[in-house]
Amino acid sequence: MSTTRRTLWRLRAVLTVAVAALFVTSFWLFQGVHQTADSRAISAILEISSVRQALATADRAAVETFLGTSEPGTPGPGASGARAPEPGTAEAGVSGSGVPSPGGATLTLPAEQEYREQIQTAGLNLAQAARDDVADDVPGRSDDLQLAQGMLAVYTTLVEQAGEHYRRGDGTVGATYLWGASRLMHHDRQGILKTLDDAQERQWTWLRAQFPSTWAMRTATVCWGLCLLTTLALLCGTQVFLRRRFRRDLNPRLLTATALVLVLAAATSPAYFSGADLDEAGTMTRRVAEARKAGVEAEHDYGDERLARLLDPVCGTPGTCGPTVAKELRVRSDVPPPPVPREAAEIREVNVRMRDATEYAGLVFLIPLLSAAAGALIWGGIHPRLNEYRYRPR
Amino acid sequence: MRRRTLHRVTTRIVAGLALLGATVCATACAPLPGGRTVSVLATWTGTEAEHFGKVLAAFEDRTGIHVEYTGTRAIDETLRSDLRGGTPPDIAILPSTGDLAQYAHSGDLLPLDGVVSRQDQYGRPWLLRLNRKVYAVPFKVNLKSLVWYDRSRWRPSPQEMRDPLSLRTGGRARSVWCLGMQALRSAGWPGTDWIEDILLHQVGPEKYRKWASGTLAWTSDEVRQAWETWGRILDASGLDRQGRRVALLTDFSEAGLGLFGDPPGCLLEHQASFVIVTYPSGRDVDFFPFPSLPSGKGGAVRRSVVVSADFAGMFNATPQAKELMRFLAGDEAQRIWPAIPAGAAFSANLGVPPDVHSVKDPVGRKVADTLDGAAMVCLDASDLMPPALRDAFGDAVIEYLSAPERLPDLLTELDRVQDRVKNRWRPNEQERKDLLSFSCPGPLNRPGRPIRPAKPNGVTP
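These protein sequence lines map, in sequence, to chains A and B.
For the first sequence, numbering that gives the first Met the number 0 gives the first residue as 0, with consecutive numbering after it.
For the second sequence, numbering that gives the first Met the number 0 gives the first residue as 0, with consecutive numbering after it.
Derived from the structure by calculation, the hints contain no laboratory data.
Treat the hints loosely; a few may be bogus.
What the hints assert, rightly or not - Selected chain A positions facing chain B (in silico; Cβ < 10 Å):
1) Y154
2) H164
3) V172
4) A174
5) L183
6) H186
Virtual Cβ for every residue (Gly too), placed ideally from N, Cα, C.
All chains should be modelled from the sequences, with the hints used to inform the complete structure.
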């Protein structure tokens, strides 16, 4: 084989490998970012944090309902589900769960209404979060959202039982069930909110293990850059070699291949914009989750202060409700009412960023198309010169 | 030309060998069906989970199979949601045999015949049998009929140990009994333990069996008498109205801490053997067995005990799950936890003698001896009841503690719940017989220990 033919053969082989490597790294980079952006992990995190906030609010509202209306005859949250009113009782003829007013019309207490709304919101968001859960493969309980759903059913039953006993005028047993419900909600190791917190942490762990947050993104970037520069350098080198060896103008097919490689680079680069959007969405989501966590704590503090007021008359004297109440109830003086959640604008921004992060995902088809076209042009550009040397020993 | 041909042949041989190697590896290194893991769900968390972890570690070392363990107190909800989602754990270990029986009836719980081959390791009634098939084996037994006290604070006299109605504080504490009815998702069960113990020790195992299996009415004289006796014991011990309310709000795991106060808040705690793990370490605790109580119609019933047990059942019949079931049922696994000092675990496996408990754990050894010395061992009746009745029992305890005068209404309501439950699941004749014999499996009768003569009704004189 002649030296020129061998050089041409080698140039073609090296260029083919370079274009193939460029295709692989471009695809890795592009899909790595967009597959993470396409996942529902961020949505699941937002939904779980929303469930936690709704449940903390519902628990506080349940306590407030009984605190304000603990006298006999008041049903409280969930009473309608506990037992149907009997004819002839104070509730006869009252539909739904309202409290009978002196005039016979029904009046739904704001706190009771808040309890119902928040439980409904939590139930819907929990179901959506279970659909969006992507972190099945993260170590730990993968079905903690299902567990939270089961525990929520127990919680609402306890509140219903509390309502039933308050309705009968049995404040002691009513308070016992309400205390049990509140413990189930807030228990620091096995409560519903802790279970949801674990589920949320699982989504974060999954996100941290995904392409854009790991060494893979940096490695893919370096490899992609090297492949791109190598391919361009090889294409330029081949042009120079052909020009010198064959004394001709620029090879048009190789020139087109060079242009396609540049277009391929341009088509891959949105991965960085999408990655930046994803980063920003993650940062904003963390801010929202932190704000909601603070909201949950504020609801817990306020609810505990209310629950202490409800339990003290049951125990007889304040501070004599036994070791469990003393240990678990966080009673502080002058607890401010929990702030109204104001994360709506930021959540909208998160959604915009997530939309932006997936905007270019459809361009993925260009990567194999451009790579294949560039490869074909490289072969087509070099092949005629190789043919010229087929039977020419030198 | 010859060199090129040689090169081509060599390349093809190398490629062929590589392909062959890859195929062999893909076949040989492929995981077993279901992977080399087995999932286990149980109630143990914290220290208990650490102890159980030692059992699982021994299994992993021996088989190389990885165990994914989940411990949660909300095991009923977890298992139900897992089953609903079609992803049950391979093995679940739960105390509520009533639930296990229902899961066996529905086909979710799989039979162990052919999996646990050495069933003679257990006294026959100790294996949960339904329709002549074994569905669960006891892994950890807890002795319930115990009364705990701190010897450094107070020691009851023999008369006080025999007659709980004679117990008085004598100014030493606010109340004789430490009482806590709260539990994270099933309040009231410590009170159900009281009723079960009193009933068993007043009227004996036969009536207890009938009551546990739903054939003795809640409004019967025997059951009503047990509730009233509990009320009298609490009244006599100085537990006032406020004390009862505090008991309603106190978690069972914290009630006993009153034993160790200075002065103590209470003197005695009626609680199962597992309560040891909640006591501060280094305290001089001791117990005496729940005393026999004279009933209105006859003499006292002696040496019967109530136990609860965590039963292991299989929900997925993978090779790994079968392997772990075999291991958990065997005496090697059943020795590990009891051998841990203050581990508060006991075994119904006949191959695990009481001396497996460390000499550093005299209380554990004494519990094991008490269990072995019992003439009749009955399972916690509330664990045998269907979940709805069990919950209603706990609710009734709470209401009774708050307003004892409501007892007749509460018992009538419990009868009503029992009727409703019967309508939902009607065990056939064989299942009824199985559950009846299972409620009081009898003495352990370990080899080498004298078997006590028992009357036909199981009561040892």
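- Task: Please flag the earlier hints that this structure goes against, numbers listed from lowest up.
- Result: none
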